[in-house]
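Chains as they are written, first to last, in our numbering: chain A, 1 to 288; chain B, 1 to 379.
Keep in mind the hints are simulated off the structure, nothing from the lab.
Since the structure is predicted, the reported quantities are computational estimates derived from the model, not experimental observations.
Hints may contain errors.
Said to hold, decoys possible - Here are the simulated SDA-like pairs of lysine to any residue, each with C-alpha atoms no more than 20 angstroms apart in a straight line:
{"no.": "1", "chain 1": "B", "residue 1": "Lys78", "chain 2": "A", "residue 2": "Phe13"}
{"no.": "2", "chain 1": "B", "residue 1": "Lys78", "chain 2": "A", "residue 2": "Ser232"}
{"no.": "3", "chain 1": "B", "residue 1": "Lys78", "chain 2": "A", "residue 2": "Arg195"}
{"no.": "4", "chain 1": "B", "residue 1": "Lys78", "chain 2": "A", "residue 2": "Arg183"}
{"no.": "5", "chain 1": "A", "residue 1": "Lys275", "chain 2": "B", "residue 2": "His94"}
{"no.": "6", "chain 1": "B", "residue 1": "Lys232", "chain 2": "B", "residue 2": "His94"}
{"no.": "7", "chain 1": "B", "residue 1": "Lys232", "chain 2": "B", "residue 2": "Lys78"}
{"no.": "8", "chain 1": "B", "residue 1": "Lys78", "chain 2": "A", "residue 2": "Ile192"}
{"no.": "9", "chain 1": "B", "residue 1": "Lys78", "chain 2": "A", "residue 2": "Trp194"}
{"no.": "10", "chain 1": "B", "residue 1": "Lys78", "chain 2": "A", "residue 2": "Gly188"}
{"no.": "11", "chain 1": "B", "residue 1": "Lys78", "chain 2": "A", "residue 2": "Leu178"}
{"no.": "12", "chain 1": "B", "residue 1": "Lys142", "chain 2": "B", "residue 2": "Gln131"}
{"no.": "13", "chain 1": "B", "residue 1": "Lys176", "chain 2": "A", "residue 2": "Arg108"}
{"no.": "14", "chain 1": "B", "residue 1": "Lys305", "chain 2": "B", "residue 2": "Val348"}
{"no.": "15", "chain 1": "A", "residue 1": "Lys275", "chain 2": "B", "residue 2": "Pro93"}
{"no.": "16", "chain 1": "B", "residue 1": "Lys78", "chain 2": "A", "residue 2": "Leu261"}
{"no.": "17", "chain 1": "B", "residue 1": "Lys78", "chain 2": "A", "residue 2": "His189"}
{"no.": "18", "chain 1": "A", "residue 1": "Lys2", "chain 2": "A", "residue 2": "Phe13"}
{"no.": "19", "chain 1": "B", "residue 1": "Lys78", "chain 2": "A", "residue 2": "Lys243"}
{"no.": "20", "chain 1": "A", "residue 1": "Lys243", "chain 2": "A", "residue 2": "Leu261"}
{"no.": "21", "chain 1": "B", "residue 1": "Lys270", "chain 2": "B", "residue 2": "Val348"}
{"no.": "22", "chain 1": "B", "residue 1": "Lys78", "chain 2": "A", "residue 2": "Lys275"}
{"no.": "23", "chain 1": "B", "residue 1": "Lys78", "chain 2": "A", "residue 2": "Arg108"}
Stated by the list, open to error - Only part of the chain B face toward chain A is listed, based on derived beta-carbon distances under 8 angstroms:
{"no.": "24", "residue": "Phe86"}
{"no.": "25", "residue": "Pro93"}
{"no.": "26", "residue": "Gly104"}
{"no.": "27", "residue": "Thr107"}
{"no.": "28", "residue": "Arg303"}
Positions of the beta carbon are idealized from the N, C-alpha and C atoms, including for glycine.
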Amino acid sequence: MKRTPLTNAILWFVLIMGTAAFIFPLWWMTVVSFETPQRAEAAITGSAGIALFPPNPQFANYANAVRETGSVPWMGFVDALSNSIVVTVLVVLGTVISSSAVGYAFARLRFRGRNPLFLVMLGTMMLPGQVTMIPLFLLFRQFGWIDTIMPLVVPAFFGNAFFIFMYRQFIAQIPESLVEAARVDGLGHVAIWWRIILPLCRPVTAICAVFTFIGTWNDFLGPLIYLHSDESATLAVALNGFKNQYGGLEDVHLLMALSVLTMIPCIVLFIAAQKTFVEGLARGAVKG
Amino acid sequence: MANVTLTKVGKVYTGDGGASFRAVDAVDLSIKDGEFCVLVGPSGCGKSTTLRMIAGLEEISEGSLEIDGTLVNDVPAKDRDIAFVFQNYALYPHLTVAQNIAFGLETRRAHRSGLVAALTGAGSARRDESQAIHARVAEVSKTLGLDALLHRYPRELSGGQRQRVAVGRAIARDPKVFLFDEPLSNLDARLRIETRTELRMLHRRLAATIVYVTHDQEEAMTLADRLVVMHKGRVQQNASAQECYERPANRFVAGFIGTPPMNIIDGHLKAGTFTANGVAIALGAEYARLGDRACALGFRPDRVKLVAPNTAGSVAASIAAVERLGDRTDIALDTSWGRLVARLDADVARSLREGDAAGVSFDSSHAHLFEAGECGGRI
């Protein structure tokens, strides 16, 4: 299709406006993170406008934000960062391993009640998290898991309905003969899943890993409910400390600086995985 | 290498509603060590299911299967020591050609030595085995001319190359029995004929027991030491290719084996004269003893002679189509016996034109008679 200059202009306009709308909060956050405390407060209360670029960028905000995180200078941040990393890595591993294994079972094993079970599993997606929040809390308290990372990590090893669904759809497209060839070659189901299916599921695994990573890294509610002590808090909860600790919004520039820092891993991961990721999304779209 | 014996083997699929479908029915088959056995038939005849039961990819519903005298009905595929070449090759897309060929060898090694051996200092034995696998892969790839492709991935190969890798993966393990499920059907016509010849040569070199499934009767005839023609889950004939062609056991085999297919006409035999649609042809005195019965008459297109119209003992025909194939010509003829096909030498057929009138005659010593019905037996 040949585009006229006018349709081109309209297209560009729409795309630029869309991009601007999505970039605005990010830009706002970054600008405020470089402002002086006074100008940042003015920006957030709306009493003064905000510059496109901070006239006097305060790089020290970042060091200050890191130092002020948690109750122990510097170490508070290290604690929160390592907690976030441990929880996120375990949840991503658990979700990929369990979801792909269950997806394989639903796609390739024949067992009694497979289809009803699959429907029940899909049904769990309809259940809002808020409904199970309190019963789960009571259960985990029974286990003595409060203020440990267990309630955040262990459920991930029991699969995620949405990703199980994605894996199942993807695995169902892998020719049956590959599985049969592996059986003839001497592999059992676990080995087939690990050595044949999982390597072929890379696009789905990329989607599953990136979504799970971003979701877990940014999760606020879960850690807030289960992790009570300062030392066990994750970054998302520690961020909130800036508000509670000082009340008001005097430290909004530090809050924004730490927010920017917290976001970096997600952005880096997304860019790194983008190719595989888009391949997976497109594939799902065409053959879904 | 080994014998494979099927005794009254059957496969019944049971649907959700309890309805059952019999895909394979009481197949008796004894394949000798080193024999190239081809299962051939139209799609849905049960040939692939039979092969998959031999492989252990489908459970056997009835009967018994023995490989080398051992009952293997309940032995899993991996322990039957068979190799299977799939129609779509089933190469592992994430592994290179070398890794694909070595895969079966490595999983078997892992079974034997296992983690315990690895931890208790069987390191040098492991290294020896790695070298042995490496040498085996090199040997196999040389046999099949894959040396230059060892580090490529399947997606970087042509159809013919993939097919050879699939064969390489099978022969690397040196199994007791090779099973091929329509391995040539994804290749183009020319490559199919070349590969067919290579497979035949490979069989002679390996002296392997091969069970091979195809729906292409020409492929079946060229490859087979023994041809097993199947239809509707049953074995229709189990004989050499030549015998299936010359003495088809029943009407189905007669129509299935041979290109173009045999002309078969339903009619009535009485006192040595065959009558169909009011047109009678005397077959000769030796047919008189067969008495008075409904039957089907068959004769191969290359036994048809075209004679002048209204010649005594011929069937009146008009030429519907002339297909010139170079050295020979296929002629489609409209007659009161229906559409018949004649295959003539190109020289003989040179002057024939579509729309010409002719008479169809054939040598009754090459006629076949079958009982009435779709699978009517040879008389």
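Inset, instruction - Mind listing which of the numbered hints don't hold for this structure, in increasing order? - result: Per hint list: 1, 2, 6, 7, 13, 16, 19, 21, 22, 28 violated.
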